[in-house]
Amino acid sequence: MSRIGVFVCHCGHNIAGVVDVAEVVEQVKKHPDVVFATDYKYMCSDPGQELIRDSIKEHHLDGVVVAACSPAMHETTFRRTVANVGLNPYRCESANIREQVSWVHQNYQEEATRKAAAIARSVAEKVKRNTELESLTLSLTKRAMVIGGGIAGMQAALDIADAGYPVVLVEKQTQLGGHMAQLSETYLNFNAAPGMLAKRIELVSSHPNIQILTSAEVEEVAGYVGNFQVAVSLKEQISTENELEAVSSDTSFSFLDIGALIVATGFQNYDRARLPEYGGLEIQNVIDELTFEKMLAGEGIPRRLSDGKIPQEVVFIQCAGSRDKEHGVAYCSKVCCMVTAKQAMLYRERVPTGQAYVFYIDIRSAGKNYDEYVQRAMTDYQVIYLRGKVSKVFQEPQIDGDKIIVWGSDTLTDRAVEIAADLVVLATPMVPHNSAIELAQRLHISTDSYGFYNEAHPKLRPVETLTAGVYLAGAGQGPKDIPETVSQASGAAAKVLQLFSQDEMKASPLVASVIEELCAACGACVEVCPYQARQIHPVWNIATVNAALCQSCGACAVACPNKASQVRNWRPDQILAMVDEVL
Amino acid sequence: MKLTDQVNLISQQDVQLCYHCHKCTAGCPVVADMEYGPDRILRMLQMDDRERLFASHDIWLCASCETCGTRCPNEIDIARVMDALRMLALESGVTPAEPDAVKFHRLFLMVVQSMGRMHEATLFAAYKLWTRHILADMDSGAQLFLKGKIPLVPHLIKDRDQIKKVFKETQARAEQ
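Going down the list, the protein sequences come from chains F and Z. Our numbering puts the first residue of the first sequence at 1, with every later residue one more than the last. Our numbering puts the first residue of the second sequence at 584, with every later residue one more than the last.
Heads up, a few of these hints could be off.
[What the hints assert, rightly or not] Just the calculated beta-carbon pair ranges, DEER-fashion:
no., chain 1, residue 1, chain 2, residue 2, range
1, Z, T678, F, Q382, 23 to 33 Å
2, Z, P656, F, Q211, 45 to 55 Å
3, Z, P656, F, E418, 52 to 62 Å
4, Z, K585, F, C332, 30 to 40 Å
[Claimed, not checked] Some chain Z residues near chain F, calculated using beta-carbon distances under 8 Å:
no., residue
5, L592
6, I593
7, D597
8, Q599
9, L600
10, H603
11, C604
12, K606
13, R626
If you are wondering where the hints come from, they were derived from the structure by calculation, not from laboratory data. Computed from a predicted structure; not experimentally measured. Positions of the beta carbon are idealized from the N, C-alpha and C atoms, including for glycine.
If we strip away everything but chain Z, and leave its shape as in the complex, we get (with noise of 0.2 Å):
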């Protein structure tokens, strides 16, 4: 199967509707940090170019913040395309260019999983021991303390069994 139809597949999306405005790429917040940019992103899948899109930063350094999906005239949600490139990626067994992108997703879900939501302060927490950036953002970090974003003390939700039954369903039916 061809990476596009995969990628189409998996995040209910067609790359084909791409005529290249560019218009994603103009907007994304990231873009500076990237190599390509969303709009080549989806050209190198058209052109079904899979060793260079699972090799590229980009994939990974994507916020899916949804910019380029709420702009791109076609209608492309390309956050979700983002999404089903670095699972098949991950899948692919090729070593992630941002390896530490990979410990945050992961991180994340973890701790949503055990709370039942966001914990910021177990999530810095965890991701500064496993990368061992133990100083990295400090600055942008005491700010957020100072303004309570980062509370201490996590709020549990009542219902934990439900999210991770979700966690269980989804790992399951992803196994399938």
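Just chain F, same shape as in the assembly (with noise of 0.2 Å):
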């Protein structure tokens, strides 16, 4: 026999307000296990709790059932609860009687009463067949990768190498800096950025805490958080006239032992043969904002690819292919808005005898000092913004010569505007590397429609991912600029040096288990499995289960001819008795 106690909540009018919450305490109390029951106007709260303590130690309970909210919500803090007093946190129960009860059966208070009853006694069934269980220690290796050498990924590793955690950073390219390495200055203060990132690169080169491999892509991810074997390929790297090659032909493959992983694999340029009416590839001086960067860089004065001419009218289209459905990309790219008024000023500065035009639809500015710095280029640089999106984009060379023609619009006076244009500089967005996708496969964490890399939630848990252990920084979670894109890094940072910072990681010991002596090794429980967490082992021929990647799921548990395999707490027999205490 177990003495068992059960707590009723009123959750103020939520479950009181239907459910009948004194007649499922006289209901509960005939069951023979329940040697306690009672009911309280809030049973999270502090006194609630401490009713919950008082009666375990004046009763003797040796299991808890809390009658009130989903599991979801309280389960935890009441676990939390019994274990104060010594009670074995696997040992209390949250019986869901709100979301299950009250709030769905409003118009039927008897029903709903003995509804409750039901569940609260069935929950008593479920509590009376658990075994006390202790929560699981997995090891844990202090080393962490970073997927991208760019800023984002540079910016992450030198926060964990600085912490005293060796880091190695896996870089595609045959040097790091990414995107960034092909800025002239950035925006607010025109910073150079090559100084910026030269002293980067020379703080993640010369620190002892950081392994670069150069030429590296991820292949082969295998394990879990804290225990991850990766498997990395080096290209070759042999050095021509001024720059370092990669030899695809001298691959060789490295297998480190990885704690956690940061996915910093960046953007890559929007394709510009999706805008044929923007000219597609074919027009030569219509250029986008990556090759314009490239122009201005060191302070040089951007002259045309075609015949190296000084362009005098330079027209900016923003939103060239974003905030578009129909070519693919309905998202607004973020740091359009900024790159076009800078490249404007930059222009202005260099060529004081040219205009700037800039097309919009809508000026996103939103940032400390972002606005001012676009309302500088219209007053102080004179820069003309007008407001609408640009219809065409073409050439007659017989009409105009080396001209380009501009089609637009300018709203703001209901007029349609022709510029003929030296140099035309499209705002294209920021999409995901097209590497993403199979990279996140290879890691096992999603990837939006369009490419993206998901976060765990969209708020709250904006730099980890589903898969426990990879961390997301910079523009392959989402458009970003630098500033956005280095505190995202840090970020991911902090949620490595804090998973480093325990000694082993603590993990709930409700996970599937196998019953060795009724294991066939048929493998049924390793095909169902979603997470990997399922194995034969391969000297002892019977089921494994990897309880750091198992979900408690119960895919396997179904699946088992035996009933070999079985989810902790979630026995067959505890279910069946569960169901029929209900019936």
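Build the complex: two chains, separate frames, hints provided.
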């Protein structure tokens, strides 16, 4: 016989407004193993938890049922409560009489009360059969891997390395730097990007805790949080005249034990061939922002690619491909308003006789001092901003010579605008790197419909993924500028350090287990497991469970023909007893 | 010189500061009779659209009440911008879209110059004779008269010579 206590919560009017809680108490008392039952206004409050603790001591309870809200809400709370007075936390269960009873049966008070009592009694049947369990402990490799050597990856690597942990920085290209290496000057202060970047690269390269692998790619990832095994391919690098070159024929592999991974693979540029109305790739003097950055680099005076002429009329087209479902990118690429303003100002500075036009649909300059910056382009640099999307960019050499004709409109005056430009710069959107989806599959993380990595929660867990031990930084998760990228990279690094600050990892014991005498090593569990948590032991020839990967979904328990695979405290005998009690 | 720069110079404003929030137009008491409203006038200025600006009724319909400038988040004194536009339009020799408004402005100044302050009855009489709108606005005129807002005898100020001097000097400066 067990000594079970049942605690029925009113949840204010949430439950008590529909369910007759006093009647539920009376009904559950009839259960032979229930030695104590009571109700209270808010069981999760301090006095409510005190009531549970006192009752355990007073009535020598060895099991507790809290009939209240969903276990997703307060199961952890009440398990902690009972553990405070020495009861094994896995001898405490929640019976959901709010989401599954009072909220859904508001007009059926009598039936709701009966259902609540039945659920509470059935959970008592489960508690009666619950075994006492202890948290599992898992070992932990305190070495991180950062995938991507751009500004995001370098920042994350530096933060982890500075905290004293070894980091492996994997970069696909021959050199570190990523897209930032292609920029001229950065916005707000017009700081030269190469200078800032060189300092960062120097810090990373000389750091004793950072191992840099260039011309390297992550090929395979096995294991789980704290215990990943990562296979990295390394291409031989040879020095040519003034740069390094990777030789794919000379590839070696490296296998590394890693505790946590940060994915910082960044973005790539939108393919302009998808914008035929803006000339596609056909017009040489229609370029994208990164190409214009190269022209502006090193305080250069921009010159046209076709003839080296200094352009006198430059048209910038914002949202070229973005905020445009037709062109496959419905999102706002976020950084282009600022980049365009910067480029227009730099152009006006370098070519004071030139005129810059910017076509926009909205200006999105949300950020500290950002809007003031865009306004400066209009007031201090006389850049003409025209509100309206350009419909067509074309050339007619017989009529206009080498000019590029831009058809747009100024919606503020309701007039069509035609500009004969010398150069057109398209603010094309950031899109995820084309290898992102493949890498996501190797890492068992998900991507959205565009191929950006999904964060675990858009608001509360923005740098984590749903795979424990894999974190995100930079534009691979969504369009971002440098300050935002660096912030996220430091956030991801902090998550890794939080993981590494433990001596060993604690894990829930409520995972699948195997009754070895019953296991026939048929492999049904291995096949159904969606989390790669099941394996057949190569020596002992029985099914095993990787507790760190198991998410307690129960698929293996259902699939196992011998009932050898069972989820702890969700055994078939418990479930049948619960069903019997309800019936 | 671009019209934008001329207007900025005369009005001592910077029309490039306008980001077209439309607040001026939303509060303008005469916008119902306008073609564009103050916001679009500023936009045309930014675009240096001299032709449309000088031909517009709006620059003459503006009552210089200064509601727009008071509300402008960028502190542009739009009434002064309108004033500059009216001056430049007259200078350019285009026929004003609202000739009566020009007559009204001229008579207003004449009355102040000769009497030292406004005398409404004189202004109305002169305006009606010049524009031949003899019977217009009789309703509100009668009401104002009954409330004593239109005194028949002008109230002359003491040092009228000083006012005339102000006019003379301003004119001389403008001619320079």
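Checklist entry - Checked against the structure, which of the hints given earlier come out wrong? => result 3, 5, 6, 11, 12
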